[in-house]
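Asker: Here the protein sequences line up with chains W and V, keeping their order. For what it's worth, my numbering labels the leading residue of the first sequence as 74, then goes sequentially. For what it's worth, my numbering labels the leading residue of the second sequence as 95, then goes sequentially.
Treat the hints as calculated values from the structure; they're not laboratory data. Please note: incorrect hints may appear among the correct ones.
So the derived label-pair ranges between C-beta atoms look like this [as the list claims (entries may be wrong)]:
1) V:Gln165 / W:Phe142: 42 to 50 Å
2) W:Phe142 / V:Gln309: 20 to 28 Å
3) W:Tyr133 / V:Cys292: 15 to 23 Å
4) V:Lys288 / W:Gly140: 21 to 29 Å
5) W:Gly140 / V:Cys292: 17 to 25 Å
6) V:Cys292 / W:His146: 26 to 34 Å
7) V:Gly208 / W:His146: 31 to 39 Å
Keep in mind it's a predicted model, so treat the numbers as computed, not measured. C-beta atoms are modelled at their ideal positions from N, C-alpha and C, and glycine is treated no differently.
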Amino acid sequence: MREKRDCLVKRFSVVLGISFLTLPFGPQDAFAYVDPGSGSILLQLMLGGVAGIGVVAKLYWQRIRDGVFRILHKS
Amino acid sequence: MTVDRIHGSFRDPSGGVYSVNGRILRTVTETYAHQFHFVHRTGLLDRLRARGWLLPYEFVDDEISSLFPGQGIEHLLEVPRLLFVSHPYEWPFSALKSAALLHLDVQVSALEAGVTLSDASAYNVQFQGPIPVFIDHLSFRRYEPGEIWTAHRQFCEQFLLPLLLRALFGISHNAWYRGNLEGIPLEDFRRLLKWQHCLDSNLLKHVVLHAWLHQNSKGLEGEFSAVRNVSSALPVAAFRRLLIGLRAWIQKLTPADSAMSTWQDYARTNSYRTDEVHIKRRFVHEFVETERPKHLWDLGCNAGDYAKVALEAGASHVIGFDSDQGALEACFVRAVDERLAIQPVFLDIANPSPNQGWQESERPGLRGRGHADAVLALALIHHLVIAKNIPLDQVLDWLISLAPLGILEFIPKADPMVQRLLSLREDIFSSYSLETCLAHLETKARIVKTCHLSSQGRTLVWYERRNQ
């Protein structure tokens, strides 16, 4: 049961994340000669709503987990 | 007929800006034309123009074949020539703030029409008097629902952070901005902040978190371009909230060092008597009424007292230069409140803006941006000669080279203001005298009229440059 739930959450996050993050690379690129920078994209995803916050958290999840693991391992 | 591309416009693939026999023309390339048609059809440009937010333009397509044959140009627009092009690093705080607010207003209006701005360059705003106007007709393109604001970082670096530098720390943006033409880098600015700043939600969002995400998104690029599947990254309502929130925040920003500066209070603390001020005003009035210069440069404008006199006497536009932020603020506020055609500009005369940017021509220096019909240099020369050690003859030559006409005010050593400058230093200025000044002036100019203002020997000199 838990495995199934985790799998669903994972799939949802990946689809959501990829679809949100790829939007800025659409057809308007030809005239968007300003580089928005990855930080701005992530910030605006977060400002866009709860789903966006989830996406950003998902992107950083591996780093957060590694960080926590390092701290626990040290202690 | 000479067609010269204006150097600052080379980055834009949508078109360029050209100077053709004194006219300013803007090309719209075939590749951008579909976007321009869309924006034009929305009526947005007309609405912005009617509000005075956008520089007017008219189509002169019939001249494409003669001026730009075979260059893939779909439209040609003619726009009015600006009297003086200024750079953001020359604007006082209030001017940069009003430019930032205009940019956000234009972006919000655009959004309502299904349009967005492709960038947030502060160089796309210019001033007519103290009033900002958006000048880049090609920055507009169709808004794709849900797309992110690609120019957010650029807006922060070119508008927001330079304003915050003064609002939080009392440091003017001009020198830093001049050294880095794209504004103040987000990561650099974040390093200036203390933990207490994180308590401000706007700072936390637009600066701290924004910079942190930039620095900590390395390695995630692969996930950014995996699949092209359009969805709603930043819903339009959230985008609008972001813009309105930024606007409200910027509207409230004031300089942290807003206490009276030396020159802001100059009108009250100077050594002039009331009758001397009247004489000086009459002299400036008579000069402008007689010579009828349209475009004046007031060097050391303070709060704009004599720029206002010049306008009342018939001048159409005054650029007021000063290096004192307090004086520039006072001048800007006065120009807005009294609807005066004065544009206050930050200038250290001993170190004016140079030619810089790509090929040292992207952002022209002071001399590369036209000449004035006349200059006012009232109580200025002694600061350059005595405080900056610039030889008197060089100061006069420079002044005469700026415009064919002018008024200079010579302040002798006996004057209390010069005595103050000399009080802590050795007097090494043996040749600094009215006689030397007039003698050198006469080698290059005709002295039309002089007027002794004070018993100490303050003297106004009206001169006309000789044809070399």
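Asker: State for each hint whether it applies.
Answerer: Hint by hint, here is what the structure shows:
no.	hint	result
1	V:Gln165 / W:Phe142: 42 to 50 Å	60 Å, violated
2	W:Phe142 / V:Gln309: 20 to 28 Å	22 Å, holds
3	W:Tyr133 / V:Cys292: 15 to 23 Å	19 Å, holds
4	V:Lys288 / W:Gly140: 21 to 29 Å	24 Å, holds
5	W:Gly140 / V:Cys292: 17 to 25 Å	20 Å, holds
6	V:Cys292 / W:His146: 26 to 34 Å	29 Å, holds
7	V:Gly208 / W:His146: 31 to 39 Å	53 Å, violated
The structure shown violates the earlier hints numbered 1 and 7.
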